[in-house]
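J.: One letter stands for each residue in the lines below.
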Amino acid sequence: MARGAKRLNIKVKTQKFRNPHKAMKALDRVIEKGTPVGMLTSVFYLPYLPSALRFHFNAHNIIVYGKENGHYLVSDPVMDHTTTISYDDLLRARFAKGYPSPSGRMYYPVELPKDLDLRKPIVKGMKWTANNIVRVPVPIFGIRGMRYVAKRIRQWPDKLGERKAILYLGNLIRMQEEIGTGGAGFRFIFAAFLQEAAQELQQEWLEDASKEMTGIGDQWRELAFAAGRICKNRAADGENFESIANMMKQQADLEQAFFTKLQNIQLR
Amino acid sequence: MRKDKVPQDDEKILEDKFKVVKYAVNQQGEYEKVPSVGWEPENVALKQVWDEINQDIEDACQKVNEGKLSPIAYFMKKNLMDEKLLAAHAGINRWFVKWHMRPGKFRKLRRKTLERYADVFKITVDDLWHMQEQET
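Protein chains in written order, with our numbering: chain B, 18 to 285; chain U, 3 to 138.
No wet-lab data here; the hints were simulated from the structure.
A portion of the hints provided could be inaccurate.
Selected chain U positions facing chain B (in silico; Cβ < 8 angstroms) [as the list claims (entries may be wrong)]:
hint : residue
1    : Lys19
2    : Val22
3    : Lys24
4    : Val27
5    : Glu32
6    : Val39
7    : Leu48
8    : Pro105
9    : Gly106
10   : Ala120
Since the structure is predicted, the reported quantities are computational estimates derived from the model, not experimental observations.
Cβ atoms here follow ideal geometry from the backbone N, Cα and C, with glycine treated the same way.
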């Protein structure tokens, strides 16, 4: 977030608070001026979400853009329309405990640049993403992370027993589909971004890259689909933890090839 | 993912409150936001965790009824918390929280302490005492 703003030359103010009521007052002051405010909340304390999705997850970002009759107007990225939340509920969600603790963190733009040039920041952002996936030398991130998980999946049935292994697999599906907005662990959203970037930068090959990314996203969904069948004991022939691990490995290979290509993007 | 392939496997996970936004390609190959009510594997995975959680809650409930645990343990599970998280929310040291799980200790707690727990669980002290559930 901070990085994106800096690249776009937008000045963003970030605040965190110790006193919950002061935090709410500060929020009131900003939205009064008509500035939308982003903030960190805990999913568990957002009553407008269905109970089945409410876990203790403390890094959910929402945007508050106004106040009406004591209720705050909210735009939540997982929902297809806006909603409202009461003072008390929002306060609770902003000051949930646990890790990472939101401590009422909020952020809003203070100064926008007059002429917005998207081209440079797009290129920078792409390079950064690609680097993160392909080149981070720690084995739990990016493609090395995927390969690591693949290896672990193979061991699950022996190590944890049938029941737990299946639970772990279910968790994998949830992390991929639910947490990654837009499906397939952000892959589709990224493909959509590539498509827009192709227009903005006037670089045809990004269109193809977008299509390739969509393909990779589809593969991720295949993986989730197969995993779902295993969870329900309805696995097709030859589908087991081994085959999931192989799929995961294949994904790592595909993404390595893809992001290595993307790394070489240049402004023309 | 193609737009017409966006899954709509409704199992009332979202309680008809809203739809989830997915990104998908339309016939011209352009990306669009498409609302979806759910997807089979996601539903399966979700159901799985909730079964597990509900089992946990039931176990805790039984233990409380048998006099092995205090109601705090039950409400902790009900709120999907563990001792660490509960301790942080209540502002009570983790070791004390663990202690308060014992029925004998629980009965001797001061009202002030009970209120702290009740606040965290969004219930009244009476509810906490008698382990009644509240509709939220």
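J.: Indicate, hint by hint, whether the structure satisfies it.
T.: Tested hints:
no. : hint   : in the structure
1   : Lys19  : holds, 5 angstroms
2   : Val22  : holds, 6 angstroms
3   : Lys24  : holds, 5 angstroms
4   : Val27  : holds, 6 angstroms
5   : Glu32  : holds, 7 angstroms
6   : Val39  : violated, 10 angstroms
7   : Leu48  : holds, 6 angstroms
8   : Pro105 : violated, 26 angstroms
9   : Gly106 : violated, 27 angstroms
10  : Ala120 : violated, 14 angstroms
Hints 6, 8, 9, 10 from the earlier list are contradicted by this structure; the remaining hints agree with it.
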